[in-house]
Amino acid sequence: MADSMESPTPTTATDIAWNVRNNLVKATDVIDRHLAAIHDRDGEINAFNTVTADVARARAAEIDEGVAVGRDMGPLAGVPIALKDNMCTRGIPTTCSSKILDGWKPPYDATIVTRLHEAGAILIGKTNLDEFAMGSSTENSAFGPTRNPRDTSRVPGGSSGGSAAAVAAGFAPLALGSDTGGSIRQPAALCGVVGVKPTYGAVSRYGLVAFASSLDQIGPFATTVADAALVLEVISGYDPMDSTSIKPAVGDGTLDLTRQLEWGVAGLRVGRIADLPTGASPDVAERLEQAFDALRAAGAEIVDVQVPAYGYGLTAYYLIAPAEASSNLARYDGVRFGMRVDAADTNAMYMATRTAGFGDEVKRRIMLGTYALSAGYYDAYYGRALKVRRLIADDFAAAYEHVDVLLTPTSPTVAFPIGDKTADPMSMYLCDTYTIPSNLSGEPAMSVPFGTGEAGLPVGVQVLAPALKEDVMFRVAAELERAAASLVQGLEPA
Amino acid sequence: MSETSTTGGAWSFHGYELVVGLEVHVELATRTKLFSASPNRFGDEPNTNIDPVTLGLPGALPVLNRQAVELAMRLGLALNCTVQRSTFARKNYFYPDMPKAYQISQYDEPICIDGWLDLPDGFRVGIERAHLEEDTGKSTHKGGAGGRIHGSDYSLIDFNRAGVPLVEIVSRPDIRTPEQAKAYVSELRAILVAVGASDAKMEEGSMRVDANVSVRLPGAELGTRCEIKNVNSVRSVGRAIEYEAQRQVGMLEAGEKIRQETRHWDENDGRTHTLRSKEDADDYRYFQEPDLVVVDPDVEWIERVRSALPVLPAARRTRLAAATGQPVDGEAVLVVTERGQDSYVLEVAAVGGDAGRALVHVKEAFADQGDRPRVPASDLAALTRLEIDGALTATQAKQVLAEIVGNGGGDARAIAAAKGFEAMDTSELEAMVDAAIAAAPEAWAKFCAGEGKAMGALVGAVMKASKGQADGKAVTALLNARRP
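So the sequences go chain by chain: C and Y. First residue of the first sequence? That's 107 in the working numbering, and the numbers climb one at a time after it. First residue of the second sequence? That's 14 in the working numbering, and the numbers climb one at a time after it.
Okay, chain Y solo, but in the shape it has when bound:
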């Protein structure tokens, strides 16, 4: 397929625009399951975290997990939602890994409604709702046709995952480009992790994204949408939406109609494939779950949860950008905040370090350090001060930093001294500059005539003479000062 045009960041393909809404399922980081006391733990021996409720044994009854409600409230409030009186319903359908043959899910009265999420560039995506529901078990189909239930010899079911609490977060169809979709998923993930609602790992399935994709001519009614499933990474979110949008435009241009259907993203061939059409969809026969009562958090509870919310990623980026003088959606600010190292940078500044230099060092050298780097903030602060004072060049600082990171800390001044990175006094540097000019009269003449390129040779000569220890900026300044 041909390239789409992205004039001014907008997605357009043969004149069509893209409309995307995302449904994101996240597993809540609760101690126990949504409706029983079995542990909510990934990776245990199959069918060990089970009980009569999890297995849907006759007579067993669900009891709602208060921690799950609280985490749903936390993430809802972090997404600027209204927390409201909510109920549970039964979604009825048969599947072997669905123990009761119905899923308990919030339906017409979800706990969180009407919020929004701002992308780092300021684009606002509406949140329609976030509701609680239980996860199903996990089936493994053996033999026959490639892991599908149809045609397999037998199936194994692990009910450890059955009853694990999920929140489904449904965006409004506000997203207009694959990049925005990716940014939405990244930002949502950051918020979920920040509030402790979920570990939100797409690779482990604790965060699952379904994309509702349609295309239309600008100003037209919404087109027929297709739901894309099995999108297992942020990168795939972008690829799958891009592919699907172009597929739909292709069909419309060929005079065909889009059928509303659920499609499966195939990571290997980079295409979406029909999974089931709307006509095949089950009639879920929703009705209110009679085994549970209304969940109606009072104002006091809601406000307690709200006041306990941590500073959210967007505010942290703003704070970091202000402290470092970097753009709020610049790469360094985004990366460092996503790693949760923003408060570390601020801490370095608080103990006297230079925030801007600290941000650069943390972004470059702390990728594997997590949100609580081992290097004491004061050690990094000392290093940045030496740089600012001109006692170390950028190159030297990098070498000192590598040693500090390797040792989990260290005195920058002592390390620099040990490496022989004594700051050169000005007279020593001036002598080197003069020597370089004397050794290359042609380059000096060109430099004086205004040929910028000639400066490189002169600076290079000084650096060589100083074995890389000279400060490039200082050398440039001296050269300029000597120009007649």
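So that you can see chain C by itself, here it is in the shape it has in the complex:
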């Protein structure tokens, strides 16, 4: 097509969809371009467990045909999207990067898969993760670690490291991840992309393979705040198949985000948590200060608040999440699907299958969780963690009486070298200090790239908001994105 020679190739989801919908760019060309990028570089990055090239090309052709006859092919028409490999896709392997799901193809689609399909988005592949989403570096994968496209000697973060790396490397303009304790926001920060954990219940979990059901939430990765808003509008909303999905009194629960992005932050109150746990490295701390400055300059008021229980989030999380995981992962017993290691009797078969099928970190958390729920220990561990969880929610609620959003670092550091923390689980767990409290309170939070830190690697700033206040959170994120563009050490494409 002659036009495409003259106009720049669209790269964001918003631009691709606009061009495809207006018949200016072919979805098939968009898919081929991205498949080529994957072909060129994913051997090195290892972002994908499965690339769904044939399915994607076929769907792209359908989109093009629809557009050609004047049909509305949806707000994400022709946009390639990568899904973390813990979201069920009918007939396409869904592995959770675990050997135990070897050979399993779900007979059904997750709700978000159906919604994306109806919106015209095209599934391009399933991305690598820490096994069952347990980890902060994507090194706990049965299929090898994913590498950070900004520096391939470093981790992309985790557990949604494959999705973050796919977007950062230009393999897809959009990806979805799941966030149980920071698994979208931390890799987004480390890879220099936008990552959003919506309010618990805003996006259906039906078809998301559970790690910790009361904490898990699906959310997007994108290169821009506007793209993240666009896809979140598509996937959010009430789903009768998920009992914890939020059913609003009015409407269908779909978030309204994109039209408010340019509203600015004048008059908004942005909270600085005075008693935030320490541990952020100087480069990260400096970027956070610059973020406060930028918002102040844009007309926001910066207010100091206290969230005393914030620092207890990590310990509470490492009781609650493993407890739920120990129960959620009990179904991988070799009876109905996935791997089975035969043995003399049923109990021996369970043990042999689970011993061979699960990696070390998964086993560690199953044991931890089993212990925390055991008779005689429940009150001291799990029961107490639930109390801390309530405290954190109460403290956030008190803070939000004074501010509209809170600002913190996303990750204490920039991306660390592969192998740096694998021998010391506790140091790995500390990566999630700033992200975990939002999962415990069920409130939304997102990471926005804000310049670079040590070794020229990306730094993310985290915006936190009260439940269902994604619109305000996105306004602040959009302002930070505008400010980041003018930073001296702005981020170049990877």
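It is possible that part of the hints are untrue.
[Said to hold, decoys possible] Below are the EDC-like pairs computed for lysine to aspartate or glutamate, each with C-alpha atoms no more than 16 Å apart in a straight line: (1) Y:486 with Y:402; (2) Y:376 with Y:344; (3) Y:155 with Y:110; (4) Y:155 with C:451; (5) C:211 with Y:64; (6) Y:151 with Y:58.
To be clear, the hints were calculated from the coordinates, so they are not data collected in a lab. This one's a predicted model, so the numbers in the text were calculated from it and none came from an experiment.
Fit chain Y to the supplied structure of chain C, relying on the hints for placement.
Relative to chain C, chain Y alone:
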């Protein structure tokens, strides 16, 4: 073992008394499963009523069935329970027919608490709780040791039953005799059927009874209990409890201690056997089910369910007893109410029939008719009127009834006429009585001397002469009238 004594209805064996609490599981008669849209249907091809939720596939989530909640409320309210805010928990344990390796069950916050059930004789049994939970799949173990998983060659699993809604109804340990336990199960079954909560068929497994049995010396603390499983009929409930109680007394008298354990009732040898001891019990690691939300029926919903409850068996028995003049725990009232034919009897009375006679006929001749007999109430009413008026004897009425039942209805008067059951006029009967006296002067003399037995011969002679058509009562009356 020797017989127990049942002085005044109380159970006692070597001075020990019996303490029983019952846990009854019933399958709810819902259209679909507790947490998914698959049909809740017994007897279908194995593994056809399944879906991602039923199979516990990764990513599948439970959604609570509103009809199941409503049926649980119905049965709870029928058992005089309080319906309260409730939650679900996960009960974690591994078993091949348990798809998720946890059962979703209400644990510390059940939907129904603190009710009671009155037995027909008025004895009140407390209900501690009634809670919702999901059923497991069904395993069939092939080869090896007699149907047990241990030692079998392979196992087949049917997941049709997995996720079927159950309510577990837990009584307080108020039951003191095997008879009360049987009466409790029968009465509970009647209530469940009456409110439409379950078909409650023990033989199909839609109602399963576990008995917690202990013994103690009167006034002592509660003894250590054993839980008896696999009790598959009302009769077995009584037998298993009786056996287990005597076993425990025997152990205590031999100086042994009762171990808390789960025991299996063997219908064939009439004994209970150790299944597992308390030490072997799983730690279920209960915690609140994070995939479900709180169930908190509002007052309006509860009252709507309560006001829609049908008249319950106890009230129906009272009503039937009052209408028929029979005792409320008499056999006829119990049997007819249990069959659901009590309203039919009342209907017969309402169209002019005699309630007492109707009750007898329905109990005797309507065993296979179900709760809506085919015979029009007016036909039975006409028959009872002929009896009351003396136009038909009891014997004749029975024959007419047999024909009416056989034909699904009929005009009693016409049938009686066709059979030649014309009511004898008094003069005809008087002539027969006089003839009988004349034919048996010795019997008449004895009768006149006050020997009651002699009357039988005289009545018998009249009956013979009338070919069974004479009314025995009328004959007796005539004989008495002729006695000097």
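Outcome of the hint check:
no.	hint	result
1	Y:486 with Y:402	13 Å, holds
2	Y:376 with Y:344	9 Å, holds
3	Y:155 with Y:110	15 Å, holds
4	Y:155 with C:451	13 Å, holds
5	C:211 with Y:64	14 Å, holds
6	Y:151 with Y:58	13 Å, holds
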